[in-house]
Amino acid sequence: MSPKYKKYTRPDLQIIFDVIEPHSSVLDLGCGTGELLKKLIDEKEVQGHGIEIIDDYVLECVAKGVPVLHSDLDKGLDDYPDNCFDYVILSQTIQQVHRPDVTLNEMLRVGKIGVVGLLNFGYWRVRHYLAFQGRMPKSRVLPYEWYNTPNIHLSTIQDFRRLCHNAGYNIVKQVNVSKRKRGQLLPNLLPNSFAELAVFVIKAK
Amino acid sequence: MIETDSVGIVKRQFYTFAEPPNEMPLESGEKLGPITLAYETYGMLNEQKSNAILIAHALSGDSHVAGYYSQQDKKPGWWDFMIGPGRAIDTNTYFVICTNALAGCQGSTGPSSINPATGNRYNLSFPVVTIGDMVQAQTHLIDHLGIKRLLSVIGGSMGGMQALEWAIEYPDRVVSCIPHATTTRLNAQGIAFHEVGRQAIYADPDWRNGNYLDEGVVPEKGLSVARMLAHITYLSEESMHQKFGRRLREKERYGYDFSLDFEVESYLRHQGASFVQRFDANTYLYITKAIDYFDLQQDYGSLESAFKNVMAKVLVFSFTSDWLFPTAQNKEIVQALQVHRKHVSFVEFDLPYGHDSFLIKNPKQEKLVADFLRCVYDEVK
Numbered sequence: 001m002s003p004k005y006k007k008y009t010r011p012d013l014q015i016i017f018d019v020i021e022p023h024s025s026v027l028d029l030g031c032g033t034g035e036l037l038k039k040l041i042d043e044k045e046v047q048g049h050g051i052e053i054i055d056d057y058v059l060e061c062v063a064k065g066v067p068v069l070h071s072d073l074d075k076g077l078d079d080y081p082d083n084c085f086d087y088v089i090l091s092q093t094i095q096q097v098h099r100p101d102v103t104l105n106e107m108l109r110v111g112k113i114g115v116v117g118l119l120n121f122g123y124w125r126v127r128h129y130l131a132f133q134g135r136m137p138k139s140r141v142l143p144y145e146w147y148n149t150p151n152i153h154l155s156t157i158q159d160f161r162r163l164c165h166n167a168g169y170n171i172v173k174q175v176n177v178s179k180r181k182r183g184q185l186l187p188n189l190l191p192n193s194f195a196e197l198a199v200f201v202i203k204a205k
Numbered sequence: 001m002i003e004t005d006s007v008g009i010v011k012r013q014f015y016t017f018a019e020p021p022n023e024m025p026l027e028s029g030e031k032l033g034p035i036t037l038a039y040e041t042y043g044m045l046n047e048q049k050s051n052a053i054l055i056a057h058a059l060s061g062d063s064h065v066a067g068y069y070s071q072q073d074k075k076p077g078w079w080d081f082m083i084g085p086g087r088a089i090d091t092n093t094y095f096v097i098c099t100n101a102l103a104g105c106q107g108s109t110g111p112s113s114i115n116p117a118t119g120n121r122y123n124l125s126f127p128v129v130t131i132g133d134m135v136q137a138q139t140h141l142i143d144h145l146g147i148k149r150l151l152s153v154i155g156g157s158m159g160g161m162q163a164l165e166w167a168i169e170y171p172d173r174v175v176s177c178i179p180h181a182t183t184t185r186l187n188a189q190g191i192a193f194h195e196v197g198r199q200a201i202y203a204d205p206d207w208r209n210g211n212y213l214d215e216g217v218v219p220e221k222g223l224s225v226a227r228m229l230a231h232i233t234y235l236s237e238e239s240m241h242q243k244f245g246r247r248l249r250e251k252e253r254y255g256y257d258f259s260l261d262f263e264v265e266s267y268l269r270h271q272g273a274s275f276v277q278r279f280d281a282n283t284y285l286y287i288t289k290a291i292d293y294f295d296l297q298q299d300y301g302s303l304e305s306a307f308k309n310v311m312a313k314v315l316v317f318s319f320t321s322d323w324l325f326p327t328a329q330n331k332e333i334v335q336a337l338q339v340h341r342k343h344v345s346f347v348e349f350d351l352p353y354g355h356d357s358f359l360i361k362n363p364k365q366e367k368l369v370a371d372f373l374r375c376v377y378d379e380v381k
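Protein chains in written order, with the working numbering: chain A, 1 to 205; chain B, 1 to 381.
Possibly wrong hints are sitting among the right ones.
[Stated by the list, open to error] Think about it this way: if two alpha-carbon atoms lie no more than 35 Å apart in a straight line, the pair counts; the simulated DSBU-like pairs of lysine-lysine are:
1) A/K38 - B/K308
2) A/K39 - B/K364
3) B/K148 - A/K38
4) B/K331 - A/K205
5) B/K381 - A/K39
6) B/K381 - A/K203
[Stated by the list, open to error] Which chain B residues stay away from chain A? Per the calculated CB distances, all over 10 Å, these:
7) T4
8) P20
9) G107
10) V217
11) Q338
[As the list claims (entries may be wrong)] Distance ranges between label pairs, derived from CB positions:
12) A/H98 - B/Q271: 52 to 62 Å
13) A/P81 - B/E3: 46 to 56 Å
14) A/T149 - B/A328: 42 to 52 Å
15) B/W323 - A/D56: 19 to 29 Å
16) B/K148 - A/N148: 31 to 41 Å
17) A/D56 - B/R278: 50 to 60 Å
18) A/D56 - B/G216: 51 to 61 Å
19) A/R109 - B/P21: 17 to 27 Å
20) B/Q271 - A/L163: 50 to 60 Å
21) A/D42 - B/L229: 43 to 53 Å
22) B/K308 - A/D82: 31 to 41 Å
FYI, nobody ran anything at the bench for these hints, they're computed from the structure. Bear in mind the structure is a predicted one, so any value in this text is a computation, not a measurement. Note that the Cβ used here is the ideal one computed from N, Cα and C, for glycine as well.
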C-alpha cells in the first residue's frame, strides 16, 4: 500500500470517541482507514459511515467491515438529506478541504452535532519555528513541505472559534490537547498558544 | 497447463422447472415453461448452506465464469481471475454458482430453444423477458439447490442489475450484493446503442424475421455489426488510443481503397466475427430489450422506495473511464441506500479500460471483493 498522504497517531481520536453517544448514527468525513469508525461500531454500536478520498484507505475500511464512500468532500454532501446523522466528524481534515466554511455548513446540515478535530497553527512550537527559522513550520503533525502539503487551510484555535461565531454555530464543548506530560494546565489556560490540537463539539443555532 | 489456483476442469449442468401447467409468470403478463437454466458451480456448499455466492453475467456472458472445460481448452471462464482456490472469490471457502440468463443462448431456454407445445423453435414467439424474470428463474435453481439465503449476488453491467433485483425483490434471501459498473436504469444513450445493434440485425437479409435457424442461415453480418458497435461502448477513447492508435494493419501506407487499413478496424472485425460463432442473434435482441426495460425508478416509484426494504450489505464499485455506466449512475444506488442508512460501500477505480474494466485483472478489485466477502461471511458463520 502506498498512500499519498501519511497519517500519524492521533491523540484526538479518543476524545472524539468519548463524545459520541452509544447507538447513535455517525458520519466520519475523511475517515482514513476507518480506525475510529471501527471502534465506534464495535464498542458503542453506532451506525457508522465514512467518506474517504484515497482509494487504498477506502479498501482498508471495507476490510474492517466499515461502510465507506469513496468520494471527494469538496464535491459536497449532496448525497445526504438534512439531519440524517446524529454526529458528523471532521477530524484533522478541515485544513485539507477547499472551503472549510462550506464544509462546516454542510456538516451541520446533514448532522445534528459536528465534532471537529483541529490542528492548532497557533501552538507555540509552530510560532517558534516560523519566528526563528523563518520558514513554514514542520513538525510531527505537520510533516509536509509548503509546496506539497495537503494542509491548505491551517488555522489557529482562535480562527476556528471566530468562524463558528461568525457563522452562528454554538461551540458546545472544546477539549484542548497537548502532548506535554506536565498536565493540561497551560493548554487549558492559553489554548491558542499551548494546545497542539483541539476538539470542538458544535451545533447550528 | 491449468494454474494451481484455478477451479480446474468444470462442467456445465442443467436444471429444468416450470413444467406446464406450472409455467413461470413473466412481468409482461405472459407465462413461460418449461424453463431450463444452464449453470456451473465451483467449491462445496457447506452444511448450513450459508456460503453460496451467485455470479450474474453481463449481456454477452454465460454460465462459464471460471475454470476450463478440458485440458486443451485455451481460455478459462470470463471472470476466472476472480474465482478459484485462494482467489478473491475463494472456492476453498465459498460455493459459487453462475447461471446462463433466461433468454440466453448458452444452454438456457431462449428464443432458439424448441417450444415443446409446438415442436418448433420459439424464435420471435419467445416472450420478451425482463431482468426481474431472469432473477425469478434463478430463484428456482437456488431453491432446487436447497439454498435459503445467498451469501452474495455479484454482477457487473447487466449482472449488476440482477444483483440489485435480488436485493430488492428477495431481501431476506440475500446477505450481501456487489453490483458494479451498472445502473438503476438504462439511459437514453444506452437504449440508443442497443437499438442500433438491433437494427443491424433486422437489416441483415439472413435474419429472416427471426426464423434464420429454421431456414439454415445465420445473420452473421448484422450480429457482428451489432457487436462491433457495442464493443466500442465497452472501451474508452484512451484505451483504444493506447491499444491501436492510428497504426496500420500489415501495411506501410494507406491503401487508398476500402480494404482494411487500420489495426482498430481489424480488431473490431475480429470481435464481430468471433462473436457470431458463439452468440445467437435473437438472444441479442431479447437481452438488449431486457436491459432497456430495466428501470427501478419507474418500477418502484422512486429509487428511495426501491431500496427501502433491502437487507443486504451492498458494495458498489465503478470505473473512472466507464462512460456507458458512469460513476454517477453507480452512485445513485449508494445514495438511495444511504437515505435508508443501509450498510453500503462504494469505490471508484481509476482505470483506463472503459466499461470492460471489471473484466480486467486488478489487484485492488480483487482485494476489495475478497475483504468484503470475508466480513459478511464472518457475520453469518
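Results of checking the hints against the structure:
Annotation: proposed proximity of A/K38 to B/K308 holds, straight-line Cα distance about 25 Å (limit 35 Å). Distance restraint check for A/K39 and B/K364: the Cα-Cα separation of roughly 25 Å lies within the 35 Å cut-off, and the hinted pair is therefore satisfied. Simply put, B/K148 and A/K38 have alpha-carbon atoms about 30 Å apart, close enough for the 35 Å limit, and the pair holds. With a C-alpha separation of about 32 Å, the suggested pairing of B/K331 with A/K205 holds against the 35 Å cut-off.
As the CA atoms of B/K381 and A/K39 are separated by approximately 22 Å, the hinted pair is consistent with the 35 Å bound. Between B/K381 and A/K203 the alpha-carbon distance is near 42 Å, which puts this suggested pair outside the 35 Å criterion. In this structure B/T4 is separated from chain A by more than 10 Å, as the shortest Cβ-Cβ distance comes to about 25 Å. The Cβ of B/P20 lies farther than 10 Å from every Cβ of chain A, with a closest approach of about 46 Å, so its non-interface assignment holds.
Distance to chain A confirms B/G107 as a non-interface residue, since its nearest Cβ pair spans about 35 Å, more than 10 Å. The beta carbon of B/V217 is kept farther than 10 Å from every beta carbon of chain A, the shortest such distance being approximately 49 Å. For B/Q338, the non-interface assignment is contradicted: its Cβ lies about 6 Å from the closest Cβ of chain A, within the 10 Å cut-off. At about 44 Å, the beta-carbon gap between A/H98 and B/Q271 misses the expected band of 52 to 62 Å.
For A/P81 and B/E3, the hinted distance range of 46 to 56 Å is satisfied, since their beta carbons lie about 48 Å from each other. Between A/T149 and B/A328 the C-beta distance comes to about 31 Å, which lies outside the given range of 42 to 52 Å. With their beta carbons about 25 Å apart, B/W323 and A/D56 fall inside the hinted range of 19 to 29 Å. Range check, B/K148 to A/N148: about 54 Å between beta-carbon atoms, so the 31 to 41 Å window is missed.
Distance hint check: the CB atoms of A/D56 and B/R278 are about 38 Å apart, inconsistent with the given range 50 to 60 Å. In this structure the hint that A/D56 and B/G216 lie 51 to 61 Å apart at CB holds, the actual value being about 57 Å. Between A/R109 and B/P21 the CB atoms are about 57 Å apart, so this pair departs from the stated range of 17 to 27 Å. Here the CB-CB span from B/Q271 to A/L163 is close to 57 Å, well matched to the stated 50 to 60 Å.
At roughly 51 Å, the beta carbons of A/D42 and B/L229 sit within the given window of 43 to 53 Å. The beta-carbon spacing between B/K308 and A/D82, approximately 19 Å, falls outside the hinted interval of 31 to 41 Å.
Hint compliance for this structure: hints 6, 11, 12, 14, 16, 17, 19 and 22 are not met, and every other hint is.
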